[in-house]
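Read off the chains here:
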Amino acid sequence: MLLNQFLLLSAVLFCIGVYGVLARKNGVLVLMSIELILNAVNINLVAFGALTDNVAGAVFALFTIAVAAAEVGIGLAIVLLIYRNRRSIDLSEIDLMKG
Amino acid sequence: MTHNANWFLEYAWLVPLLPALSFVGILFFGKRMRYKGAELGIAAVSLSFLLAVCAGFAWIQHHDDVGYQAVQSSTQWLQSGGVEFGAGVLVDGLSVMMLLVVTIVSLLVHIYSTDYVGDDKRYTHFFAFLSLFTAAMLFFVLSDNILQMIVGWELVGVCSFVLIGHWWEEKPNSDAALKAFLTNRVGDVGLIIGTITLFFAAGGGNTFDTIKINEAIVQGEVGHTALVVASVCLMAAVMSKSGQFILHTWLPDAMAGPTPVSALIHAATMVVAGVFMIARLYPVFFEGMQIGGSSINLMATIGAVTLVFGGLLAFVQDDIKKVLAYSTVSQLGYMVMALGVGAWTAAVFHLFTHAFFKANLFLGSGSVAHAVHSFDMKKDMGGMRKFMPKTYVTFIIGSLALAGLFPLAGFWSKDEILVGTGGWGLFGGTGGNGAYTFHLLMGLFGAALTAAYMTRCVYLTFHGEFRGDRSHGDPHESGPRILVPLYILSGLAIVAGFVNLPAGFQLVGDSWTERFGHYVEPYKSSYFPAIDHATPSWSLAVVASVVALVGAGVAIYYYFVKVDRLADQTQQSLTELPDGLSKSNGLAGAGHKVLVNKYYLDHLYEGVIVAFTKVPLARAAYWVNQKVIDRTVDAAGETAVLVGRQVYDVVDQSVIDGFVDGSGRVSDATGEELRQINSGKVQNYAAILFAMAAVLAGTFLIIFAL
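Each protein sequence line maps, in turn, to chains A and B. Positions in the first sequence are counted from 1; adding 73 to them yields this note's numbering. Positions in the second sequence are counted from 1; adding 78 to them yields this note's numbering.
Worth double-checking, as some hints may not be accurate.
Claimed, not checked - For each label pair, taking beta carbons as the anchor points, the in silico distance ranges come out as:
hint : chain 1 : residue 1 : chain 2 : residue 2 : range
1    : B       : Phe278    : A       : Arg159    : 33 to 43 Å
2    : B       : Gly758    : A       : Leu149    : 19 to 29 Å
3    : B       : Leu156    : A       : Leu135    : 32 to 42 Å
4    : B       : Arg200    : A       : Ala142    : 32 to 42 Å
5    : B       : Gly758    : A       : Tyr92     : 16 to 26 Å
6    : B       : Phe782    : A       : Leu135    : 45 to 55 Å
7    : A       : Arg159    : B       : Ala783    : 20 to 30 Å
8    : B       : Asp143    : A       : Ala142    : 53 to 63 Å
9    : B       : Ala769    : A       : Glu166    : 36 to 46 Å
10   : B       : Leu156    : A       : Tyr92     : 18 to 28 Å
11   : B       : Gln731    : A       : Ala142    : 53 to 63 Å
12   : A       : Ala142    : B       : Val229    : 29 to 39 Å
13   : A       : Ala142    : B       : Ile780    : 45 to 55 Å
14   : A       : Leu135    : B       : Phe278    : 50 to 60 Å
In short, the hints are calculated from the structure, not lab data. Given the structure is predicted, the values throughout are model-derived calculations rather than measurements. The beta-carbon is built from N, C-alpha and C at its ideal position, and this holds for glycine as well.
Same shape as in the complex, but just chain A (with noise of 0.2 Å):
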């Protein structure tokens, strides 16, 4: 088993969650590349659990998966909110906070 391969394909799924995160217009579909680089990381942690055998790298994934089912409630009921306001998720119209 090659550590590499596993990297790699962290390393891919992580630069399509950051473009997904950076391009998207819609407010979900940006919710679901975070997710992506979420579990971009959740690999890299079990895969270098395993290589070193130490279970610890399993636990920390274990505990994203449920920070992130956290993250996720909370993000979708905020798209939520911004539909019921505004009528569109489109993320490029909100800018509220502008200085």
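Given chain A, put chain B in place with the hints provided.
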């Protein structure tokens, strides 16, 4: 650590726990309670007070049995990187004394508040935060390590912020709350740096434990440089929390909060947190500032400057609470100065007595303000003694105690501070840790100022004619829930001084003198520096009293005689002499006026010439009375007012405010530049974030690859 310490000392952590529970209780269930949560707060604080009293007796017992041995019970909070972070309580004379002061003042303020903020729409919220504040302060004074002290320190800061901004709908109030919070943050930088320095410097054992740090310093295991850094940094924290010049500006603004809050937080308890911290970590300061055997150091000088500046500023305030606020600044200056000259007991004792009479004065001012719905002495008060005789009596007692007149509480503590400076070498030296003559003189000057501005305050509030709005009928005396706390506090303002009668006080036996110092000062313990104690001096006590009486006398003459007489003649209600020097503008104006005023010379000639022709003695006496004594007294009073106004205008308003404004403008300009990045679009932020992360990753790669 003793094995058979008393239950009340072992379980002292119950004292802060009760108000903390009451905070949670009031917050969640307060609105549904019969008295909207107030009963829970009062019950919790009463219990805490009882426990504190028991702890007081237990400490005396413990002290008599085994001597000054702190009772420390702590538990491990967490362990990381080989360092243990403890959480625990340290019970010794100092913390037991603070428990008593905080719980009794807090209890009385709770009772007072049920009337004072009785119809407030955030009544429950107010009581919840009074409880939290009490808990935080008790937690702070019981801390057995400096990390825990920071937690308590910040908690009281937050409560102060919330309570100053209690009526946040009005912009000045929320501004004042922010100002208090942010000014304290400035000092907190010093607090954190000082704590970190102590952590690494003390004992080499990497400990936060207060006693261990103090012991290491007492045994000379800590380098001097580290102590200088730590003490100067911690001093910055003290300056912000305890309102020392130049970080005092938040304290008068904090008067925007409800009066009970001013009494509890900005007079009696929170602002003494800084003083308490110095007292608790005294070896750090004693060695760091080299207090022993010196005649000047940073801490004592800051205290001395603060006490005089605060006193002068109190002269020119029209708002009764601001007079008291600047007075608090001035009295805190006394405490810091006392600690700076090595008079530890005197400082802590002054903290003790000051808590009672200042809370008394603040609550008294609140009682008056409650009746006239204003704090402005010149516009809305005057003659209040006719309407509120009971408040008047308590206020007078508080004022006398503050002015330090025999035999009230302030006399004993202020005298001890003056003795402790060791600068009174005239009639047999008073000993002490050095010859701080300059600080003694500042202290004496401050005593005169204190007596004078309190006289002014009493006159403007309670004497003369009522100047307020009578359209809603005459103001009337407050109810029992306001008066009873006032009675108790003024009673304490009378008797609190007797717990530490000076050694050699002839009227009572030796077993009655210096009880406070005996039980509170840890001079026999392992964690206290070897300080020298000054010998009480009768001559200094007399001189200090005379100075205070002169200060009061000048002000009494100016207000009660001259202004009153003029008011009678003109049938007006006056607050100052219309032809006084204070009306002319600035110091130059005053000098100018004295020079061009032929009035004096004319009368001199007239007086001398007529004296030789008519009833010589009577005329001469009259002349001396009118021109010399009168003018001297007037001039002294007016100069004090002038100097005060100058200090207020030039130093406080221009320099310090200018400095604060300047820093505001700088951040404004930076903000304007940084605004460009702030597009409001979340994806732009994300792009910056990822770009920076990439740069960081690249940097790491280069560093580790090379």
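*So does Ala142 (chain A) sit 29 to 39 Å from Val229 (chain B), Cβ to Cβ?*
For Val229 (chain B) against Ala142 (chain A), whose Cβ atoms are near 32 Å apart, the range 29 to 39 Å holds.
*Can the suggested window of 32 to 42 Å be confirmed for the beta-carbon pair Leu156 (chain B) and Leu135 (chain A)?*
23 Å, violated
*Ala142 (chain A) and Asp143 (chain B) - C-beta distance against the hinted 53 to 63 Å*: 59 Å, holds
*Evaluate the given range 32 to 42 Å for the C-beta pair formed by Arg200 (chain B) and Ala142 (chain A).*
38 Å, holds
_Between the beta carbons of Ala142 (chain A) and Ile780 (chain B), is the distance compatible with 45 to 55 Å?_
37 Å, violated
*Range hint 33 to 43 Å: satisfied by the CB atoms of Phe278 (chain B) and Arg159 (chain A)?*
Violated - the Cβ-Cβ distance for Phe278 (chain B) and Arg159 (chain A), about 53 Å, lies outside 33 to 43 Å.
_Given the hint of 20 to 30 Å, is the C-beta distance from Arg159 (chain A) to Ala783 (chain B) inside that range or not?_
About 48 Å separates the Cβ atoms of Arg159 (chain A) and Ala783 (chain B), which means 20 to 30 Å is violated.
*Does the Cβ pair Phe782 (chain B), Leu135 (chain A) satisfy 45 to 55 Å?*
29 Å Cβ-Cβ, so the 45 to 55 Å window is violated.
*Indicate whether the distance between the beta carbons of Leu156 (chain B) and Tyr92 (chain A) respects the range 18 to 28 Å.*
Violated, since Leu156 (chain B) and Tyr92 (chain A) (Cβ atoms, about 41 Å apart) do not stay within the stated range.
*Determine whether the Cβ-Cβ distance between Gly758 (chain B) and Leu149 (chain A) falls within the hinted range of 19 to 29 Å.*
At 22 Å between Cβs, range holds.
*When you take the CB atoms of Gly758 (chain B) and Tyr92 (chain A), is the distance between them in 16 to 26 Å?*
22 Å, holds
_Outcome of range test on Cβ distance (Ala769 (chain B), Glu166 (chain A); 36 to 46 Å)_ = Cβ of Ala769 (chain B) to Cβ of Glu166 (chain A): about 23 Å, so the range 36 to 46 Å is violated.
Consistency with the previously given hints fails for numbers 1, 3, 6, 7, 9, 10, 13, 14, ordered from lowest to highest.
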